[in-house]
Amino acid sequence: MHKPVLFCVSVLLVTVSLLAYADAKTVHTEKSLYRNISVVKEGDLTCLVFETRKENPPYQTCKDENDPKRFVFSYTKLILTGLLYNANPEKILVIGLGGGTLPMALSEMLPNAEITSVEIDPAVIKLAKQYFEYQESPRIKTVERDGRLFIKRAALKKESFDWIILDAFNGDYIPEHLMTQEFLQEVKSVLSETGIITANTFSQSKLYAYESATYHSVYGDFYNVKRKNTGNRIVLAPAQQPLIKLSKLELNATRWESTFEQYGVDVDWLLDHIQTKKDWDQTSDLLTDQYAPANLLKFDKE
Amino acid sequence: MAPFFGGSIYVWGSIITIFMLALSIGYLLGGRWSIRSPNNLKYGSLFLGSALLLLPMIFFGEAIMEWIFEHFSDPRYGSLLGASGLFFLPTVVMGMIAPYSVRLLVINAESSGQTAGFLYFVSTIGSALGTIMTSFYLVLWFEINTILWFIFATYLCCGLSAIARHYLAGNRLILEGNHA
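As given, the protein sequences belong to chains A and B, one line each in that order.
When we follow my numbering, the leftmost residue of the first sequence carries the number 1, and every step to the right adds one.
When we follow my numbering, the leftmost residue of the second sequence carries the number 1, and every step to the right adds one.
Any given hint could be a false lead.
Said to hold, decoys possible - Some chain A residues well away from chain B (every beta-carbon gap over 10 Å; in silico): (1) 27; (2) 38; (3) 126; (4) 149; (5) 177; (6) 180; (7) 289; (8) 290; (9) 297.
As the list claims (entries may be wrong) - Here are some chain B residues pointing at chain A (derived, C-beta under 10 Å): (10) 3; (11) 27; (12) 67; (13) 110.
In short, the hints are calculated from the structure, not lab data.
Built from N, CA and C at the ideal position, the CB exists for glycine as well.
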């Protein structure tokens, strides 16, 4: 595409999204211990918004009223690469509930799986149930707790999980203690032999190198699932090396193709975004409990 | 704290509570201790005491927190105990410094308000600078323990210089103190 055309298209897109935002109606505002949270309706979408700033606050979860199953955000789609790696997780742990649409979708896809979600903010849990059809059941549980605390207790109790989904970063404030080498080791200690972690984290700023190096120091080689020019990526790492081959993931993909389709997720699109290239500065320092200025590093563009 | 008790609201509550409690007790003790024969030797020893009490935090902080984590499952009381274990003692002694400084610096009743006001100014602006420097810059440049060692060294220097002053020119101050 020519540059002027690209420019026009992006201006158009920005205008459209601004108009859409202007069209947004706040249907519920909840003051929580941590922030103001609102539920916003925007056309057919109902979204959970953390109001950390006035302009374009980060959207946490959206649900399409016309197609409630559809995964609205790309990053949630990319998390599903976890199922291409480990097709049959029995115990799943989700850190960071949001609207709870991911645990609900997983419980449909995996009728025998037990899914525990850990969420620090009771108001988020309340809104997930009220507006996003999040429902607890004997195999869908919610724990109101800090993620790190939950993992540490689980390790003491010698619990283990087949899939841990780390989705606790809302884009504006990063809980630094969920990024350190020590934390990632604790996570690894509660993963089963075939267990994997998929972490929704950052792909820009100086933080990208620090974070990638930290993950690599704990898990070894991992798959980097990311799209161009977006702020986040998914780290897909197994508890035990070696990393299984991409061809095996492709094989698993055929199994999930029709199921994923119901959620608006194309397996080929997923496979296209899985990378193994180590495209970060590998000499980077690590994030540790002693040194974890993640929020400051995020503003250091480089 | 965060590695053991997370970033929940009660962790912040615990830390602030323990600091306030320790400081208030320190103010009370420091004031009482200043009644009888105040001098720079005792004053300096408060700084040295604060410095030494930082050492357990640096060396055993992790072990202390681990023990509390394993024995208290309620995250609220766990974090309250954790904050006490790490910060209570050094903060009590640091709190004693302020009233003791008032005692050493006050020359007469008329200027006592001004002296106390100046000390409040110094101590509060010091807290403000320390907080902003640490949260904006120091955490980006250093590890937490390095920052603690720096505080340790600062207290050590202050304590030693007060003690040196006591032996070099201290007697003059005691006399002034007795006249007041």
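Now the hints, each set against the structure:
The claim that residue 27 of chain A is not at the interface with chain B holds, since no C-beta of that chain comes within 10 Å of its own (minimum 26 Å). The claim that residue 38 of chain A lies off the interface holds: its Cβ sits roughly 20 Å from the closest Cβ of chain B, which is beyond the 10 Å cut-off. A cut-off of 10 Å between C-beta atoms confirms that residue 126 of chain A is not in contact with chain B; the least separation is 16 Å. At roughly 5 Å, the least C-beta separation between residue 149 of chain A and chain B is not larger than 10 Å, which violates its mark as non-interface.
At roughly 4 Å from the closest C-beta of chain B, the C-beta of residue 177 of chain A falls inside 10 Å, breaking its exclusion from the interface. A cut-off of 10 Å between C-beta atoms contradicts the statement that residue 180 of chain A is not in contact with chain B; the least separation is 7 Å. With a cut of 10 Å on Cβ distances, residue 289 of chain A falls inside the contact zone with chain B, its closest approach being about 5 Å. Its beta-carbon lying about 4 Å from the closest one in chain B, residue 290 of chain A breaks the requirement of being farther than 10 Å from that chain.
For residue 297 of chain A, the non-interface assignment is contradicted: its Cβ lies about 8 Å from the closest Cβ of chain B, within the 10 Å cut-off. Of the supplied interface hints, the one on residue 3 of chain B holds, with its beta-carbon coming within about 5 Å of a beta-carbon of chain A, less than 10 Å. Of the supplied interface hints, the one on residue 27 of chain B is violated, with its beta-carbon coming no nearer than about 31 Å to a beta-carbon of chain A, more than 10 Å. For residue 67 of chain B, the interface hint is violated, since its Cβ never comes within 10 Å of a Cβ in chain A; the closest pair sits about 13 Å apart.
A least Cβ separation of about 48 Å between residue 110 of chain B and chain A goes past the 10 Å threshold, and the interface hint is therefore violated.
In summary, the structure is inconsistent with hints 4, 5, 6, 7, 8, 9, 11, 12, 13 from the numbered list given earlier, while agreeing with the others.
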